[in-house]
Amino acid sequence: MEQGTIERDIHVDASPEVVFEVVSQPEHMREWWPDDARFESVAGAPGELVWRDADTGETKTVALAVVDVDPPKRFSFRWCFTEPDRGGQALLVTFDLVPSGTGTLIRMTETGFRELGWEVAVLEEQYRDHENGWNHYMPRLGEYVTRLVATP
Amino acid sequence: MSLVVDDELWSAIGDPIRRTMIDLLLSDGPGTATSLSRQLPVTRQAVSKHLAVLDRVGLIHAEPAGRERHFQVDEAQLARAVAQLSAVGSTWDARLRRIKRIAETIERHRTSNGGD
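These protein sequence lines are chains A and B, in that order. Per our numbering, the first sequence starts with residue 934, numbered consecutively. Per our numbering, the second sequence starts with residue 10, numbered consecutively.
Read the hints as simulated data drawn from the structure, not as lab findings. Do not take every clue at face value.
Said to hold, decoys possible - Not everything, but these chain A residues come out facing chain B in the computed CB check (under 7 angstroms): (1) 939; (2) 941; (3) 943; (4) 945; (5) 946; (6) 947; (7) 951; (8) 952; (9) 955; (10) 965; (11) 984.
Claimed, not checked - Calculated pairs, DMTMM-like style, for lysine to aspartate or glutamate (alpha carbon to alpha carbon, straight line, at most 25 angstroms): (12) 1006(A) - 113(B); (13) 993(A) - 24(B); (14) 58(B) - 988(A); (15) 993(A) - 32(B); (16) 58(B) - 72(B); (17) 1006(A) - 960(A); (18) 58(B) - 960(A).
Note that the coordinates shown come from a computational prediction; the quantities given were computed from them, not determined experimentally. Backbone N, C-alpha and C fix where the C-beta goes; we use that ideal spot for every residue, glycine too.
Working from the sequences, and respecting the hints, build out all of it.
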């Protein structure tokens, strides 16, 4: 495991203010990531991400802690804590938003893999993403977009 | 970046109990269904089922030892799983694509309505 950091850039044709809302508000986050997200978008606030198995109804809850809330420039949080009560090591996810033309460049970094070691980083991450399956999310996104457009 | 994700391997190690079992086998050395079940909040029968899943994808190997079988971690297959950490990046790509679609939809909606 050479890299301790994942870094991704993506251009979005929306203002930094809109993008900031989408990455930092739980009601939006649950549309692009977990089945449910519960946190106050305030620095230091504790929160939870929840995944629900569609077949068994079983849920997995993962602790999260908001780190930086600096609209419309930066939102960051920690998750994958190695100890209970948000203790020990954790992964740090940071969204930096940079105005770019009429849109926004999102720079996402996730750091801490080297510190966590393979067992948490690889396996926990895999668990969430593969166990739940991205296929599950795509139809839901379609529904969400339809709702947004239909909202007066 | 091309990614080869072995779904069965991922699925095998995705389960938290199975992950813990691998951790125990790594830290304590070879173990049996009985020895593992003593350290886990699940029955010996459940441990046996989990061991079978791990065995099937080659993450552990078994050797007969009396009535029970001794399991140990396959280092090479484990290294392969570790290498797939890069696959985590692709899951972020998918999330970011959804963020993009949601934000752009909101933006278009606001623009067409002359603000929100």
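Checked hints:
Look at residue 939(A): its Cβ gets to within about 5 angstroms of chain B, closer than 7 angstroms, so that hint holds up. For the restraint placing residue 941(A) at the interface with chain B, the shortest Cβ-Cβ distance is roughly 5 angstroms, inside the 7 angstroms limit, so the hint holds. Below 7 angstroms, beta-carbon pairs count as interface contacts, and residue 943(A) has one with chain B at about 5 angstroms; its hint therefore holds. For residue 945(A), the shortest C-beta to C-beta distance to chain B is roughly 5 angstroms, which falls under 7 angstroms, so the interface hint holds.
Because the closest C-beta pair between residue 946(A) and chain B is about 5 angstroms apart, less than 7 angstroms, the hint holds. The criterion of a C-beta within 7 angstroms of any C-beta in chain B is met by residue 947(A), whose closest approach is roughly 3 angstroms, and the hint holds. At a threshold of 7 angstroms, the smallest CB-CB gap from residue 951(A) to chain B is about 5 angstroms, leaving the interface hint in force. A cut of 7 angstroms between beta carbons decides the hint on residue 952(A): the least distance to chain B is about 5 angstroms, and the hint holds.
The closest approach between the C-beta of residue 955(A) and any C-beta of chain B is roughly 5 angstroms, which is under the 7 angstroms cut-off, so the hint is satisfied. For residue 965(A), the suggested interface contact is upheld, since its CB lies about 4 angstroms from the closest CB of chain B, less than 7 angstroms. Using the Cβ-Cβ criterion of 7 angstroms, the hint placing residue 984(A) at the interface with chain B is not satisfied: the shortest such distance is roughly 12 angstroms. This hinted pair checks out: residue 1006(A) and residue 113(B) have alpha carbons roughly 17 angstroms apart, not beyond 25 angstroms.
Among the hinted pairs, residue 993(A) with residue 24(B) is consistent with the structure: their alpha-carbon atoms are about 11 angstroms apart, no more than 25 angstroms. A C-alpha spacing of about 20 angstroms is found between residue 58(B) and residue 988(A), which places the hinted pair at or below 25 angstroms, so the restraint holds. Of the supplied pair hints, the one linking residue 993(A) and residue 32(B) holds, its CA atoms being roughly 20 angstroms apart against a limit of 25 angstroms. Taken as a hint, the residue 58(B) and residue 72(B) pair is honoured in the structure, with Cα atoms around 17 angstroms apart against an allowance of 25 angstroms.
A threshold of 25 angstroms between alpha carbons decides the hint, and for residue 1006(A) with residue 960(A) the separation of about 19 angstroms falls inside it, so the pair holds. For the suggested pair residue 58(B) and residue 960(A), the alpha carbons sit about 38 angstroms apart, so the restraint of at most 25 angstroms is broken.
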